[in-house]
Each structure stands twice: as C-alpha cells, then as structure tokens.
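Each chain, written out:
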Amino acid sequence: MSREAFVDSSRFEFTSRTDYSYVSEKGFTESLVREISGRKDEPGWMLQLRLNSFRAFSRIHDPSFGVDTGLLDLGEIVAYLKPNASRERAWEDLPVEIRETFEKLGIPEAERNSLSGAGAQYDSEVVYQNIKRELEELGVVFLDMESAVKEYPELVKKYFMKAVPATDHKYSALHGAVWSGGSFVYVPKNIKVKQPLQAYFRMNAASSGQFEHTLIVADEGSELQFIEGCSAPRFNELNLHVGMVEIFVLKGARVRYSTIQNWSKNTYNLNTKRAIVEEDGTMEWISGSLGSMKTMLYPTTVLKGRRARAEHLGITYAGPGQHMDTGSKVIHLAPETSSIVDARSISTGGGWAFYRGLLDISERAVNSKSAVQCTAMMIDNDSRSDTLPIISVDNSSSNIGHEARIGRISEEQIFYLMSRGLSESEAKAMIVRGFVEPVAKQFPVEYAVELNRLINLEIEGSIG
Amino acid sequence: MEKSINLKHGDKTMVRPSRKEILDFKDYGDRDFLMACEKFGPPMSVYVSDRYSEYKRLGFPDWKRTNLRGMSIPPMVSRFPRKSTDPYLKSMNWLSSDEVELLDSLDFEGSDRKLLLLGDIFFDSGVILSIPDGSVMKKPFLVGRSDSVEQISNNLFIAGEHSEIQIVIDSKASRNWFLQNNRFLLKRGSKVDVLFVNHLGSEGYGFVNNFYRLEEGAVLKVFEVSPFSGTMVSYHLGLSAGKNSSMDFEPLFLAAGNTNLDLQFITRIMAENCNGQINGTGVAIDNGSVIFRGNVDMRRGAKNSTGSEHSSVTILSDGARADAIPCLLVDENEVNASHAATIGSLDEERIFYLMSRGMTRERALKMIVRGTFEPVIERMELLFPENCGGLRNALDRRVGR
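Chains as they are written, first to last, in my numbering: chain A, 915 to 1378; chain B, 119 to 519.
Some hints could be false.
Said to hold, decoys possible - Across the chosen pairs, the derived CB separations fall in these ranges:
1. K174/B <-> E939/A: 41 to 51 Å
2. I1254/A <-> E467/B: 46 to 56 Å
3. D222/B <-> E944/A: 50 to 60 Å
4. Q1287/A <-> K182/B: 49 to 59 Å
5. D976/A <-> V195/B: 39 to 49 Å
6. K138/B <-> E939/A: 31 to 41 Å
7. F1329/A <-> S214/B: 33 to 43 Å
8. G1348/A <-> D145/B: 55 to 65 Å
What the hints contain is simulated information worked out from the structure, not anything from laboratory work.
In this text, a Cβ means the ideal position worked out from N, Cα and C, and glycines have one as well.
Construct all of the structure, not just a fragment, from the sequences and the given hints.
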C-alpha cells in the first residue's frame, strides 16, 4: 500500500519585490537593540526593557527539550526589515507590491466580508491597521504595538511582557530585546465585539526574523474574537519567527484566539502564547499549526480567578521535513476552575508530530475539573507521532481525565466508505476531513474553508 | 544500551533533557571499587571495571520531582557469596565469559544511569537463575527473604525456551536504603510471572531497576506492590524483541504518611503481533505523593501490535499529591496505541453513605481503599496465593493510622 499526503501551500509561496527603508545587519547585538528602539522613537522605559531582555538572552541557554535548533545560526538572521511604507488605514494607500501581496492572501476581502478590523504586518512593521468606526467610538482600541506604546503608555506598561517575562526562556528574552510590530487590543468593560479582529503576518525576505508582539486586554465582562494568520514564501536559507501573544482576560470576560499558522518549510517557529484569566473569565485557543520546518509552541492559560475556564483546541500537521513540537499548558491556580484540551495531529511523509502538555492543578484550585484528549493520525509508516502530557494534581477535590490514541486510518472505515461508492483516496480524504472537522468548525466559516483547503490531502495508491 | 526514550526520527532530533547532578554527594571511591572487585572472577572484573570508568564520570541525579538531596549511600559491604545448593542458581560474582557477555547485552539506562551502574558494580548480593528449556517450576523462586543485610543486589534471570517460572522479589521491611538491578531474559515461548513487594523504612530510599527482554512468543506478567513508606523509585523496561510476545505490568501502590513514589513502566514493542499493557492503580493519602510514568513505545516493525497504558490514582487527603506522566511514542502506523489517566478525588458521597451505615470515617476510608485495590489483589492471588493475605493486612494498616 502506498499513500502520500501533503498540505498544499503553493498559494502562499510567492515572493514580492519590496523596497526597504532600513535593513539591519545580520545577528543580534546590543547596538541593534538600541538601533531598533531609536528608529521607533520609543520612550526610555521600553529601551530599558529591551536592554534587560537582551542581557537575559545573553545568559540563558537553549531549552532542554523540544526540537533541535542546532542548524539555526542566529548570527545569520536579519532581525529588522522596515518596508518603505508608512502605516495606513486604507489598502489603496499602500505601495502596490505590498497591497498585491495581501490581496493574493485574501486579507482585504476578508476584512470587507467578516471582520471588525484588520492589521497586516509586512516583515518587521505593521503597514495596515484599521478598525470599524463604530467600535472605535465604543472605546475599542486596535493599534499596532508601536503606536500603542506611545498612545497608551500606562496600559502597555502595566501588561507588556507581564504574562511572559523576558527571563521565561531564551526566546522570550530574544523577543523582548528585538520585538517589532504586532497588535494591541483593548476592549472596554462590557463591550462585546461581534465580528473578529484579524492580524496577518507576512515574512517576505530570506534569512529574516519576525518578532511581532500581540497584547490583548479584555476588560471586565467584554468579549473578543481575534484571528491570527501568517505565511512566508519558501527560501533556501532559514527564517525565524519568535512572536509573542499575551492575553489578559479580566473578570467575566471572554476571549477566543484563533490561529492558522502556515509559515514556509524553512522557518523555525519558536513562539510563545500565554493568557491570564481572572474570575469567571473564559479563554479559548483554537490553533491550526500547519507550516514551518520546526515549531515549538505551547499556548498556555493561567486560570487565576475563581471559576475561570480554558479551552484549547488544536490541530497540528507534520508533513515531509517537519518536526512539530506543540502542545498546551493549563495552570489551575484558583478554586472551581475548569479546562478542556483537545489536541489532534496528523503526521505524514516522514513528519514528526510531538504533543507536549502540562496540566497543573495547584493546592488552591480545589473542586477543579479538567479533561485532556490527544488523538493522532499517522497517514503512512515513515512518520512518527508522540504524546507526552504531564498531569500534576496537588489537592484532593479535583477530577482529571486524560486519554490519548495514536493510529492509522482503519481499514474498516475505508472499506465502509468504498462500499458506499467512494474511491480509496476519496475515502481517506473524507476520513481526514472528519478528523480535522471539530477544530475547523470552531473557526469562522471563511477560515474553516481555508483550513480545509490547506489540508487538501492528495492520497494516491491502492490497497494491495 | 537500551535507553528510556528514542530522541531521533530520521534526520530529526529532539533535544536531550539536561541531566542535573547533586554536587556535594559523598560517593563511593576507588578504594570501595577495589574492595568490590576482590570478590569477582576475571570475566566479571573486566565487566565492572569498564562500568566503573563510566560511573566515575557521572554524579548522582538531582531530579526535579523526586528529591535525593537528603540521601546518603550506606558504607560499602564486601561479602563473598555462599555456595548455593540450587542447581539452577549461581552467584553473580563468578559468571563465565559467555554469561558476562549475556549480562552486557542486557544493558539499559534505568531510572538513572548512575544508579544502575552503582548496582552493577557495588552489589553485595546477586544471583543468576537459569531455568532449562522446557522446565516448569512448581514453586515461586524467592529473592530477598533469606538475607536481611543485603542492600545492593544485582540479579539475572533466564527463562529457557518454553519454560515457566514465578519469581517473588520481596525487599525486606525496616531497611533504610536498598538498590536492586534485575535483568530478565525470556527465551522463546517461556512464561514468567513476577511479584515485587517493595518495603522500606519511613526515612528510607529504595531503587529498583528492571529490564525484561522477550523473545518470540514469550509471556511476561509483572505485579508490583509499593505499600510502604520512604522514597521509592521503581523502573521497569519491557522490550518485545520477538513476535507474538506479550507483557503485562500491573502495579498497585499506596503512598501514605510521607511516602514518595516515583514509578516508571515502559513497554517497548519492536516486533509483529505483540501486546504490551500497563495498568496502574493507586491511592495517595496523608502527605504521600505519587509520580506515575507509563510509556508505550511502538517501534518500526511493531505491525499489528497493541500497546496501552492506563493509570488511576485517587487522592484522599489535602496534603497528598499525584502526577501522571503518560507517554505514547509511535513509529509504526499499523498499531493500536492508547493511554488513559485519571486522577480523582475523595468521593464524599461514598464516604457519607458508608458513615450512614454506622462506620467511622476512618473505617469508611479503609473500605474505599480496599475496594480500589481488591480487584488487583484478586488477580495477583491467582498467581501468588501465599503472598497476598499479608499484603491486604499491610495495606489496611497503612490507611488511617
């Protein structure tokens, strides 16, 4: 029996000729950190934060787990590329090549049809940021991170790198030193943003790094859906993505953060995402991790307030050449907190999908509940799927359940579908779509279609 | 050497977790090594010398979850073994070159390489038990009952083709430190049942490292009971190297008082039509803590094999804690691999029901614990009827003291 499957990402692998107003030297130095801060005309406290982060980066070792980063030479990475474009609120005002790039990716159309606002980052800088006027009038803030540092310094100071301090790990320190771009969202008390906001990140240059910072503060009783998408053309050289997402869900608020990650297969994706949830707050992470060569990403929810809840739902795809070390962490710190984790993965063509999870129920988190489920599908015999969830319980009144299952597509399922008139490859594709569906249906419909289209499995061969 | 986890897949590598060491640990030195060597025959001397050079390079592990910082190892005991009258039994000290070669081929990592090597070099008792092809042993072979002073033991058990044997490894109560390495070779079609009973003094440390290699059609059943106090680290790695082999681990544990249990079971399947099962059942009470690690490792070639792991821990006191670390590693797609873990709480409704029938809370707790363990003990009793009565009483005594 022979089977092949792959994610069709050709639509994202085009390059654009771009003018840059500034390109930094390769590598990471203190003078680069000062240069970035100076070019952004940042206040002194932000420069100090960057310098402290850089010092931490210089002394912290690589993580002692996860993917091997031996091939990644940080001295070859260009940390900062400023496109020759100013930040606009209308697509028409962008330089043609940048506008065309985002049009090919379907971002303006998505904004018109189904979004409350959109941001677009091209290499190191946000080139487009817009939010519907009526939301702006309600006090919703949706800005690029640089503008937020200047316009909302107190809010940013209070929350920036407080969920993930620079000393958390080597790459959070690097991020703190050279972050550039990203979004800042503040939703005032009791405001419910009906349609999602979206940020799209595009890397367009070889050997470049992208370090965007997303900071979301959902004030008491508010609601927000945020969608993040990313892609890059494929180069022979390695690209690096070290982004960070920090979300603060205040009392009774609800945030859903959805990601479709489709970096090109030459990218190291070493991303950090963390949410702090207060009393009665809800955090939902919906993740589709499809691209990159190597990924280490474990969205984390800290349930800090009583009855806070978290939901992590993710699909990871590890195709040819990919090593995806993904997972989730939920830390229960308060009583009556609850969490659900549903992690799915598909490995094919020699790819390696590794689920790494942590569920920690602290002594104070009495009467908490959690259910963790991992399911992995191996399409062929060249691939590998592993799961390693760590479950730690420190009190006697919580109930935790975990289940995991790894296997191939069963012959019985294929046989049944073929008996109903489907070909073998159609049957397999249908089973894979069914496997992905619980995650896909959590995305807005346009994105669910996109995710399904991305996981366009082409299965060949016959049962011999 | 059989490692606990495979960190490579094709051209991809996973980062090896860093190994931290306790810096100021008072270790055995060259003089202890020379004392240990005095009692070995020439082939064994060469074997332990090789291992000693590796041993010296390593420090004692500074684990994150099980703290060994307060531990000290007892003074070296050098004793010449007595001659055994059992025709199948021989001292580990006087192995032939072929036997040493076999011992070397059954090398593994253990809970930590340093601790494994310590047992391989500085053991003060050790046997090689070799059951001939086709023999069926009527009575269980007992290890650890006849000699109360042993603290480090190193054993090799060989079940000949189509032989059958039961082994009881009972570490004696009241000791404060022991370490045991056991290697098992199950030849084609053999059947081996093992019962471990891990006793330990309240401030003690116990380490058990076990490696099982199964040839075609071999069947292994392991029960382990860890009902006592102290810090107990137990490691079992079963390797199905031959097709149609089967292994089944059924640990039962009670972490009461200040007990710390760190239990690891690995089923590694490398051949077709094999079966590997891990079923752990335990209770944590008082200030007891349990770490239960169960790895199902399906390697390339394990076609049509099944690997499953299930652990269930009930926490009955606010001071108790439990960690479950189930791990599934799958390198072959034509397999069934699954795991499930539950950590549950004290069901106050059950307690209330029992108390409403006139029981004290302590009695009700005892009954719930007994109810948790009884199905496993009943299965154990079928294979080891003489060892289970005492276990029931011992488990009962540990709850609600």
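Is the distance from the Cβ of F1329/A to the Cβ of S214/B consistent with 33 to 43 Å? 56 Å, violated
Take a look at whether the Cβ-Cβ distance between D222/B and E944/A falls inside 50 to 60 Å. The hint (50 to 60 Å, Cβ to Cβ) holds, given that D222/B and E944/A are roughly 53 Å apart.
Could one say that the CB atoms of G1348/A and D145/B fall in the range 55 to 65 Å? 57 Å, holds
Are K174/B and E939/A spaced within 41 to 51 Å by their CB atoms? Holds, since K174/B and E939/A (Cβ atoms, about 47 Å apart) stay within the stated range.
Does the hinted range 49 to 59 Å hold for Q1287/A and K182/B at CB? 26 Å, violated
Given a hint of 39 to 49 Å, does the C-beta separation of D976/A and V195/B actually sit inside it? 43 Å, holds
Does the Cβ pair K138/B, E939/A satisfy 31 to 41 Å? 37 Å, holds
Outcome for the supplied range 46 to 56 Å, where the beta carbon pair is I1254/A and E467/B: 24 Å, violated
The earlier numbered hints that this structure contradicts are 2, 4, 7.
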